[in-house]
Amino acid sequence: VLLLTLSVVAIADAELCKPDAQNAFKVRLSIKTALGDNAYAWDANEEFLFKAMVAFAMRKYSSKSTTQISNVLLCNVTDRVSFWFVVTDSSKNVTTVPGSEVEAAIRMNRNRINSAFLLSDKTLQFLKITSTLSPPVEPSTPVWLIVFGVVLCLIVAGIVFLVVAGIRQRKKKNKESTERENLEEKVEVTVTVENGIPCEALDLKAGHVNGVFAADDERFTSL
Amino acid sequence: AMEKSRPLWDNPLQFVFACISYAVGLGNVWRFPYLCQMYGGGGFLIPYFIMLIVEGMPLLYLELAVGQRMRQGSIGAWKIISPYLCGVGVASVVVSFFLSMYYNVINAWAFWYLFHSFQDPLPWATCPLNSNRTGYEEECEKTSSTQYFWYRETLNISPSLEVSGSVQWEQALCLMLAWLVVYLCILRGTESTGKVVYVTASLPYCVLIIYLIRGLTLHGAVNGLIYMFTPKLEQLSNPKTWISAATQIFFSLGLGFGSLIAFASYNEPSNNCERHAVIVSLINSTTSIFASIVTFSIYGFKATFNYESCVNKVILLLMNAFDLEEGSLTADNLNEMKEYLMATYPQEYAQLAPQLKNCSLEAELDTAVQGTGLAFIVYSEAIKNMEVPQLYSVLYFIMLLMLGIGSMLGNTAAILTPLTDSKAIAARFPKEVISGVVCFINCVIGLTFTMEAGNYWFDIFNDYAATLSLLLIVLVETIAVCYIYGIRRFEKDLHTMIGRKPNWYWKIMWAFASPLLIISLFIFYITDYILTGTLQYQAWDATQGQLVTKDYPGYALAVIGLLVAASTMCIPLGALLTFIRKRLKRESCSTV
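One line per chain: the protein sequences are A and B, in this order.
The numbering of the first sequence is the working numbering, which starts it at 266 and goes up by one.
The numbering of the second sequence is the working numbering, which starts it at 455 and goes up by one.
No wet-lab data here; the hints were simulated from the structure.
Careful: at least some of the hints might be erroneous.
DSS-like, lysine-lysine: derived pairs with alpha carbons at most 30 Å apart [as the list claims (entries may be wrong)]:
#, chain 1, residue 1, chain 2, residue 2
1, B, K811, A, K393
2, A, K393, B, K767
3, B, K649, A, K437
4, B, K877, B, K596
If you anchor each label on the Cβ, the simulated ranges turn out as follows [stated by the list, open to error]:
#, chain 1, residue 1, chain 2, residue 2, range
5, B, N584, A, L392, 18 to 24 Å
6, A, K436, B, Y979, 37 to 43 Å
7, A, A369, B, K1004, 34 to 40 Å
Glycine residues also receive a C-beta, built at the ideal position from the N, C-alpha and C atoms.
Please build the complete structure, drawing on both the sequences and the hints.
Structure (structure tokens):
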């Protein structure tokens, strides 16, 4: 009788868990991609852990502590590593928990399941369950505005400095030239002017030879 | 009162640096590598150097000598050569004005990318999530994250030229900042420009050297270098190769804008501009080759990375479909395994076949890109895959900024020097105000390029504002100096300035070779435009995630015609006006 019940259970399990069965999900792990040299081998112990994690997720989700590890059935384990699993309902005979419930439970506890296996959403894939991608962290002010503000302030400060320095330089030059003009005017008033040339400049004693025309003779080619 | 003496460069090194900073610009980085790739790899260097000797050095020497001798900006200098040629100077100023309008937008984009480089991860490294957070944005999925960042987040480009859209405030801010930076550099004339060019000329070389070392040590860089430098000598028989080489030399040196004349006018009269012309043109060409080595190692890295990702995707697909053990499929045994699987599971394999792409390294290397696409898409894609991408990103965009600002300094000098030379304007307003007004006007007009359709207008200006007009201007310049001013008179001027007469090489190039070359380029471009019929442009289609070709609408064609006409018509108009003025004066004199 024991053998009979065992075989009936086994056949029932095989009925419930097979590829593309109702409420069954395919799982795919990429352990070597994720961990490289630290990859662990997939064996029966790992399968036990997986069943435990799924049972844990179901318990947390429905908050009734009736899901047992034996309720989670795994089948068709390949070398890839990929397999199908299904969660049975112990209260009702030989039925599986609806896929939507399983999906919601896994979604809620995805992080815990991933960390148990040292994997991520990409390397531990539940093929029909899409994961919500976490958005990148956005600071309150975009970073680029901050850098822009800094550079803008520096440039404007530079421009203002140069313009002010230019204005000041020009004022100084204007003041200097007006001072020089005032000085020249003062000097001119006291000097007698003959034909527009101040008398002191004219050496009235002897004629001055204008140097420019002195070498006049040499400019012409000799005959 | 003593007349204000002309400001001078503090030393000849400032002048050389200013010329280098102006000539070495974005074209060296983003156009030359493309030309090299399209027209025969290492073999392209042959027409390039021939054109440098026939066209580049003589024309550069000519412009520098004219500027140094006449000691005036472009309008004044050509007026001295012959009063009928004042139109040439005005045409140069008009072309420079068009150029400065759109060129600073590139600096605005470089600022934008620079400011966004201070994040981890870089914003163009990943696609943004869609509204219900289950996957990535649809447009980003169709194309790549770097293209999405460029077309959507930077430009927010509209589907066609007709849809103008609104001004993007972020781009407008960056454009304003770019103009403020340019204003800061030119505000005091040569005093400030002379110091700034030390930085803008040398910093790009530092960054290029860093990138060279980084680039050559990247995985897969060698593939790109081999691909580039294998000469495909059969391209030498293609006339387009020679035309592209001539065009590249011509535009790379920035001839005809009046900037070189302006820079040279601030020289001491005894400055050896012959030596400087040779130095500047050689440095410009070597920088192009240097930049293309860097670009091709980056290309090689990016192509190898994409090829390996493609192969890995195929491996993953096969592993998942057939539940094979991890690690059983590698890049090496991929082909054998594919055949084995095809034989063992023919139906499933047939189902999978459409998704299995044939990954090819050649195809990845063949994608030749130029212009803003290269600078902002390809490079940012390569940078995001490097280690410490933020550092390389910041360095790269600072380099682009230095190159762009260096060229802007030359452009604005070409506009401002004639303005400050003319006594009517310079007597009334100080030069700070004149520079400020020019920058402000350019900034306001430049806001057109920050609209959603702005990039399409940018392409119009980039392709048509300067090309034909410059050829005509430089042609008239060369003919004017050789035949109107007289080559003997020019020789004597050079002898007074430098101390020796130009030898027969320069004279032959000025009198015959360069003008003939420019005329043939001119004829080629005109026939090309006529033969192509309608002009077309590349528009970004967000639904497909790629560029599509569209025809320009009527008003865009009108703008293109206006751009070309505005500068070229100045030359004959100027001659006509001077002729009429002389006639009227002669008549009024004779009636007295």
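Verification of the supplied hints:
| no. | hint | verdict |
| --- | --- | --- |
| 1 | B:K811 <-> A:K393 | holds, 25 Å |
| 2 | A:K393 <-> B:K767 | holds, 20 Å |
| 3 | B:K649 <-> A:K437 | holds, 24 Å |
| 4 | B:K877 <-> B:K596 | violated, 59 Å |
| 5 | B:N584 <-> A:L392: 18 to 24 Å | holds, 21 Å |
| 6 | A:K436 <-> B:Y979: 37 to 43 Å | violated, 53 Å |
| 7 | A:A369 <-> B:K1004: 34 to 40 Å | violated, 49 Å |
Taken one by one, the earlier hints fail for this structure at numbers 4, 6, 7, listed in ascending order.
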